[in-house]
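A.B. asks: Here's the letter readout for the chains.
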Amino acid sequence: MKELSLNVLDIVLNSVKAKASLVTIEILEREMLEITIADNGCGMAPEFLARVIDPFTTTRTTRKVGLGIPLFKLAAEMAGGTFRIESEEGVGTTVCATFDPRNIDCPPLGDMAGTMVTLISGYPETDFLYRRAVGEAEFSVDTRQLREIMGEIPLSSFEVTNFVREMIEENERELTRGGNE
Amino acid sequence: MKTLAELQAIREQMKNKMNIREESEAGTRIVVGMATCGIAAGARPVLTTLSEEVAKRELKDVLVTQTGCIGVCRFEPIVEVYEPGKEKVTYVHMTPEKARRIINDHIVNGQVVTEYTIGAAE
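The listed protein sequences derive, respectively, from chains U and E. Note that the first sequence covers residues 2 to 182 in our numbering. Note that the second sequence covers residues 319 to 440 in our numbering.
There's no promise every hint is true.
Claimed, not checked - The calculated lysine-lysine pairs, modelled on DSS-like cross-linking and capped at a C-alpha distance of 30 Å, are: (1) LYS18(U) - LYS406(E); (2) LYS74(U) - LYS18(U); (3) LYS320(E) - LYS374(E); (4) LYS404(E) - LYS3(U); (5) LYS406(E) - LYS20(U); (6) LYS404(E) - LYS74(U); (7) LYS3(U) - LYS378(E); (8) LYS18(U) - LYS378(E); (9) LYS20(U) - LYS74(U); (10) LYS74(U) - LYS3(U); (11) LYS416(E) - LYS404(E); (12) LYS3(U) - LYS333(E).
Note that these hints are calculated values from the structure, not bench results.
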């Protein structure tokens, strides 16, 4: 994966597949860059959870390897960070990875607007909360709020996803500019 | 900071258009493989380009959707086109540029871009 936003997309799609109705994506940048993806999906049994970081564990039926979680874990560990996954059947799953932004092997966060738009347009019935913070400054996008405003108009409409893209891009620029000053 | 205030205005603009859109379903489906293999190979910008082109050209009966692993990961990013009454067309090793051409040649003008299909790649 070239950028962390692609890992995030990949991991959140696991939450969607686990029938989550709400997925919270937090990307907090202070000393470390901390990415947390928490869902209220079906969760995993302890036996499966124990095997889930193994590339030869997967739920897919087209072949026998699953690289999403191993790749995310590897990216974190290569960048001087940590990886943690917790899950409870019937409650949900939380994946948390940290990265040292000063580490040469830390990939860029990349296009989070693209990731959120891909999720909202593909799964307009699922709720996503994206929270992004750099230092003390932060913003969030919550599809539950978007839904309230848009009423009967599906969130997958191009006008809505385009708004979300612009909002994330503009606010991200403001956050990172603030950090450099 | 951009806030949700602007979204209210977008909603008002869209309200009138909605009725027309809801009736025009069940046309062409464009499906992008979005599993780990597809994402790592560059499927996200391909999907974005397809959605943008469909919106820009106001192709009302065309739906862009996502699926999991299609099963031939070495050909990712993969895009499948389903048109009613026609055989499925599978495009492989997609890029945003190729995606634009597929919308123009195949979806709009009905000409399958044979050189990008899985048959040509194999």
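A.B. asks: Are any of the numbered hints broken by this structure? If so, which, sorted upward?
C.D. replies: 4, 6, 7, 12
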